Amino acid sequence: MVRAVEEYLKPEVVRQIARLDLRAQFIVKGFLQGLHASPYQGFSVEFSEHRRYAPGDDPKDIDWLVYAKTDKHYIKKFEAETNITGYLAIDTSASMAYTYRQRLSKLDYSISLAAALCWLMVHQQDPCGLLVFDEKLHASLPARSKRSQIAQVLSVLAKVKPSGKTDIARSLVQIAAMLRHRSLVMIFSDLLADPDPIRDALLRLRHRGHDVILFHVLDEAEVKFPFQGMVEFTEPEALDQLVVDADAARGEYVASVAAFREDYRRTCFHAGIDYVPLDTSMQFDRALMEYLVSRRNRF
Amino acid sequence: MGLSFLTPMLLAGAALVAVPVVLHLLMKRRPVKLDFPALRFLRHKAAANRRQLRLSHLLLLLLRMAALALLALALARPTLRGAGWLADGEGPVAAVLVVDTAPRMLLVEANETRLENAAALAKMLLAKLPPTSQVAVVDTTGGIATFSPTVAAAATRIDRLAGATPSLTLAAAMAAGYKLLATVPDRHREMYVFTDCSHGAWDGQAPQELSAAHPDISLVYIDVGARNPQNFAIDSVDVTGDLLAAGTPLALTAATSRAGPDANRDIAVEMLGDDGRYTRRAIKRCSWKSGAVGQVAFEISGLEPGVRQGRVILEGSDALEADNVRYFTVEVGSPARVLVAAPAPAQATGRCVMQAIAPASLRKAGKARFEATLQDVAQLEAVPWDGYEGMVLVDPPPLPVRTWDLLWQWVAGGKGLVVWLGPQAADAGRFNSDAAQKVLGGKIVRVWRSPDDANFLAPASLDHPVLAAFRRVGDAVPWQDFPVHRHWEFQPNEAAPGAAGEAVAAIPVAAYRNGLPAILEHRVGQGTVITITTPVSQSAGDPAAWNTLATGFEPWPFVMLANETLLHSIDTADDRNVLAGTPAVMHLERRDIASAFVRTPAGDDFPVAVDQRRGTITVTATQMPGNYVLRSGGAVGGITKGFSANLVSAATDTLRLSEPALAATFGEGRKLAATEAELVRDVKLERVGTELSGWIILLAAAAMAGDWIVANRFYAPRDDAQPPTATTAGFSPAAVVPPSPRTPPPLPGTPPPLPTMEEVGA
Chain A
1 MVRAVEEYLK
11 PEVVRQIARL
21 DLRAQFIVKG
31 FLQGLHASPY
41 QGFSVEFSEH
51 RRYAPGDDPK
61 DIDWLVYAKT
71 DKHYIKKFEA
81 ETNITGYLAI
91 DTSASMAYTY
101 RQRLSKLDYS
111 ISLAAALCWL
121 MVHQQDPCGL
131 LVFDEKLHAS
141 LPARSKRSQI
151 AQVLSVLAKV
161 KPSGKTDIAR
171 SLVQIAAMLR
181 HRSLVMIFSD
191 LLADPDPIRD
201 ALLRLRHRGH
211 DVILFHVLDE
221 AEVKFPFQGM
231 VEFTEPEALD
241 QLVVDADAAR
251 GEYVASVAAF
261 REDYRRTCFH
271 AGIDYVPLDT
281 SMQFDRALME
291 YLVSRRNRF
Chain B
1 MGLSFLTPML
11 LAGAALVAVP
21 VVLHLLMKRR
31 PVKLDFPALR
41 FLRHKAAANR
51 RQLRLSHLLL
61 LLLRMAALAL
71 LALALARPTL
81 RGAGWLADGE
91 GPVAAVLVVD
101 TAPRMLLVEA
111 NETRLENAAA
121 LAKMLLAKLP
131 PTSQVAVVDT
141 TGGIATFSPT
151 VAAAATRIDR
161 LAGATPSLTL
171 AAAMAAGYKL
181 LATVPDRHRE
191 MYVFTDCSHG
201 AWDGQAPQEL
211 SAAHPDISLV
221 YIDVGARNPQ
231 NFAIDSVDVT
241 GDLLAAGTPL
251 ALTAATSRAG
261 PDANRDIAVE
271 MLGDDGRYTR
281 RAIKRCSWKS
291 GAVGQVAFEI
301 SGLEPGVRQG
311 RVILEGSDAL
321 EADNVRYFTV
331 EVGSPARVLV
341 AAPAPAQATG
351 RCVMQAIAPA
361 SLRKAGKARF
371 EATLQDVAQL
381 EAVPWDGYEG
391 MVLVDPPPLP
401 VRTWDLLWQW
411 VAGGKGLVVW
421 LGPQAADAGR
431 FNSDAAQKVL
441 GGKIVRVWRS
451 PDDANFLAPA
461 SLDHPVLAAF
471 RRVGDAVPWQ
481 DFPVHRHWEF
491 QPNEAAPGAA
501 GEAVAAIPVA
511 AYRNGLPAIL
521 EHRVGQGTVI
531 TITTPVSQSA
541 GDPAAWNTLA
551 TGFEPWPFVM
561 LANETLLHSI
571 DTADDRNVLA
581 GTPAVMHLER
591 RDIASAFVRT
601 PAGDDFPVAV
611 DQRRGTITVT
621 ATQMPGNYVL
631 RSGGAVGGIT
641 KGFSANLVSA
651 ATDTLRLSEP
661 ALAATFGEGR
671 KLAATEAELV
681 RDVKLERVGT
691 ELSGWIILLA
701 AAAMAGDWIV
711 ANRFYAPRDD
721 AQPPTATTAG
731 FSPAAVVPPS
741 PRTPPPLPGT
751 PPPLPTMEEV
761 GA
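Sequences listed follow chains A and B, in order. Take the first sequence: its position 249, counted from the start at 1, is 249 in the numbering used here, and no numbers get skipped. Take the second sequence: its position 298, counted from the start at 1, is 298 in the numbering used here, and no numbers get skipped.
Careful: at least some of the hints might be erroneous.
Each pair of labels, with its calculated beta carbon distance range [said to hold, decoys possible]:
#1 A/254 / B/711: 22 to 28 Å
#2 A/139 / B/47: 38 to 44 Å
#3 A/142 / B/47: 39 to 45 Å
#4 A/283 / B/711: 53 to 59 Å
Calculated from the structure, these hints are not laboratory results. Just so it is clear, the structure is predicted and the values come from calculations on it, not from any experiment. Think of the CB as a built atom: it goes at the ideal place given N, C-alpha and C, for glycine as much as any other residue.
Model the full assembly from the supplied sequences, consistent with the hints where possible.
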């Protein structure tokens, strides 16, 4: 297990993440909090402010003492605790094992990213759990904020063997049903499946009150299609085959992938989901940094 | 121009185009196999992509077939040549060597004549001919064109070629060569034309028409012309009047030209003496301008009566000897006896003519051309005509038929008659008797009147011998100062050949400004009748004078005209100056001479026959330029005549044709070899053709390159360039080893390698 931790969090990576930490702190106050400084208001011990009641507010939040004094309805607002439960949902279908000429497959890239996020959450005392799925959810770790949680998460991920088909939608529905508290769900997948059910599942997850970050991880070859000449492609999950003239098909393919990503981006935007398109040629620490900064700016 | 193959058997190799078809079908290379999860994005374009692939396959197949076919074609060594399909590069040929042997080919440059240069190249060419070839050597001397028995005999014939007076043009010699080659249709036929590419050789010729008419015969021109000739040339000598009266000076004009830098060089006139030696009579220093023509005039006086021959010669030597000398012959005679018949009063009416042809001053000095006797025309028959060589009828009235008949007989015997028509003719109906028309060659019709001074003699050209004397003055003759107010309209007889083949119609020699004939010539037997349609019988003060020809201010044109017409009419018209190679005809006054001898310029004597019926001697062997002497009857009581033969100016015109003129003469695409190497090249080109293998191999290489590009575009290398496929489980150990040279370099921004991880199950 220790080995697994070292594999994914070797000194260079940790150094990068530590640097990320320092840089994040420099950019916003408390980068570690920056991940989810958050929209959760309600049950908390720390008073935040009073606000005039507006139709739709929960009447139980009305501060009757203020009403007695002012004869006006005010809502009592509290600052939620910054601790939030995060779940790393990782797609381990066969397609995630693919890489053309990058050192990391999509799964490796996702695990590295997830490990970094896990490390961040645990270091700010946030509980972090793990959900591994392909056609269905087949492994999970409950969210904990202990330092040993990182090792446990990585231990599970290191044992993951990508195989079989993927059913992201079904898995997300399962996750939505499984998580009883509102959580931060970080999904790592290539989304290479029928998009409509996935969209529905994402909306359902969002509807249950979870904050969702969708890391759409594609291989560099899947984005740029660098093949030449006549190539016989085999789809690793369905084992379909297709012979194409790569040079002739490139333009069409790249446009299709861009439209596919744009479709997801638009859907996620409307649903309030953070959509992070990535490919395995991007340095994941830089990708993570950019995402976190942009997220912090939004809140 | 045709396509042939040196190794046609190898064309069978073209059948190998079937190989790529079979290979294409049997061993179609498989595409590179790769895993790719995002296949969904390719599916909807799969059909179009498949069609494109099929087209690409077809293109690849065609390229490979083309490459093989082109290689087979290249190995068959296709050649392009004018020889047709049957030619065999090593087989015997039928060749005609046409060599220009005109004297200009003796031009020396680089210590050899053009002819020697041609002979050397010709012998080199013969040495390269296949041994059993048929070879003919055709030159421009006009010999019979025939194949030599052997190639060696042809070489001997080449050795014997010498510059000679041409009797054929080079184009005519080519035509003879083509005719000869037509007798051997089964062989590969070649013609080689050795030429100096000069104006003299090709002016007015159209050899490209000949070659175009024989496309199956290979033709190569060999240029042996001089590039920088150094030559002084006397192109011609103009003798103004080769029949001179005793005491009359001989006027000579030599036309010159120069090739090379400006220089000064003397020209001399030498007369041939009775001892057969030339004596110098005049010499002039001439300035020769480069590329320019010039004229040098001489006047030789004191010539004794008789046939006098001479030459105009260049002092010193130059590159071409043949044009350094020109020959001439004149006949100096004692004054010819002529009868001038004029109407009464003859002294008045015949005075102008008498003064013109035999001025009293010259008569007294014994230098007059003519010994003239004035006679009343009414008494014409009263005097015997036998002693006279010519007669002038001044303004004759209608004469009796008998008189005209006598005149006809007299003129036909070789005498001369000049008739100045005038007012005495009066009634055209009476004047135009058949006998008169027979003598004059036509009839008078009416009198034309031009009251103002608008009409005068206006000869269109000065070509006729009657007018030759005016050439020295040219357009400066003031004919307009001597208006002609009246003249007879003379209508020549119908121009039908007579029974004896002689012309019965007079021929206009010169006309008035109004276009009507002024001077007419009519040949009658061996004699000549000259008719002038306006008179010179009237005095200056006569208000009814028909003209002022003889009465105007300084009437020298009339004096010349009177002399020249009379001279021409009594001239025996011997050919005293002929072109070398053309026959010279000499007339004999005596019919008792049966044979004569001709002495050639080389000093040889040979007999010639006399045409007793015509009283002429025709000398045909005049190829050698020089002075020829004809003798008969011994030194006493015999006759002596002579003539000169000169080369035609084209035979010595060495001026080189310009490149455009050469192209126009030989036609586009001609083969013109100037050196041995070029000749070998052109011969090879004609006999073997231009090999196209190089070009075809280039095309084959292009097809192969196209194949390579297309193949590489569609098929990745089979074994070694397989990109790393996706790992199926986490990290593979290979992922962390240093990249091999075949592995594509990491993309920029690739994260650093992570530590190796064991298999999950391990």
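Checked hints:
Restraint check, residue 254 of chain A to residue 711 of chain B: a C-beta distance of roughly 25 Å satisfies the suggested window 22 to 28 Å. At roughly 42 Å, the beta-carbon separation of residue 139 of chain A and residue 47 of chain B lies within the given 38 to 44 Å, and the hint holds. Checked against the hint of 39 to 45 Å, the pair residue 142 of chain A and residue 47 of chain B fails, with Cβ atoms roughly 51 Å apart. One distance hint, 53 to 59 Å for the beta-carbon pair residue 283 of chain A and residue 711 of chain B, is violated here, with the actual separation near 38 Å.
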